[in-house]
Amino acid sequence: EQRREMERIERQMREQQEKQREKEEQLWKQLEQMRLDEERREREAERREREREAEREAERVSQIPIILRRRDDATVQSISANERKPV
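Per the UniProt record's numbering, residue 1 is the first one in the sequence shown, and the count goes up by one each step.
Hint data in this document are derived by calculation from the structure and do not stem from the laboratory. None of these values were measured; they are calculated from a predicted model. Where a beta carbon is used, it is the ideal one built from N, C-alpha and C, also for glycine. Heads up, a few of these hints could be off.
Label-pair distances were calculated between CB atoms; the ranges are [unchecked claim]:
no.: 1; residue 1: Met34; residue 2: Glu10; range: 30 to 38 Å
no.: 2; residue 1: Arg40; residue 2: Asp72; range: 44 to 52 Å
no.: 3; residue 1: Glu57; residue 2: Ser80; range: 50 to 58 Å
no.: 4; residue 1: Glu55; residue 2: Trp28; range: 50 to 58 Å
no.: 5; residue 1: Glu59; residue 2: Glu39; range: 41 to 49 Å
no.: 6; residue 1: Met34; residue 2: Arg60; range: 36 to 44 Å
no.: 7; residue 1: Arg3; residue 2: Glu38; range: 27 to 35 Å
Make the full structure from the sequences, and use the hints.
So, in structure tokens, the structure goes:
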């Protein structure tokens with residue numbers, strides 16, 4: 001009788017240890033998933049920032065012809081004004 005009781009207790013302990021091991025394994029998996037999710041969010045944020053920077057650069061580049069045209073217009077006006085001055 002005592003031997004059976006000891007075997008029952010040992011079996012319960014092994015079952016508890018197995019449950020604990022499974023719980024720890026699940027927690028490690030959750031932790032790993034959280035780390036992967038965080039890395040994915042960081043990469044996504046970096047990608048969005050690169051896209052915003054590219055949009056700002058495209059906007060800046062798109063303004064260059066306007067700026068050059070204004071500069072050229074101002075140069076032409078300046079030359080025209082100088083040509084009209086009496087010598």
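Hint by hint, here is what the structure shows:
In this structure the supplied range 30 to 38 Å holds for Met34 paired with Glu10, their Cβ-Cβ distance being about 36 Å. Here the CB-CB span from Arg40 to Asp72 is close to 49 Å, well matched to the stated 44 to 52 Å. A hinted range of 50 to 58 Å for the beta carbons of Glu57 and Ser80 is inconsistent with their spacing of about 35 Å. Distance hint check for Glu55 and Trp28: the Cβ-Cβ separation is about 41 Å, which falls outside the suggested range of 50 to 58 Å.
Range check, Glu59 to Glu39: Cβ separation about 31 Å, and the 41 to 49 Å hint is violated. Our hint of 36 to 44 Å for Met34 and Arg60 holds, since their Cβ atoms are close to 39 Å apart. Range check, Arg3 to Glu38: about 52 Å between beta-carbon atoms, so the 27 to 35 Å window is missed.
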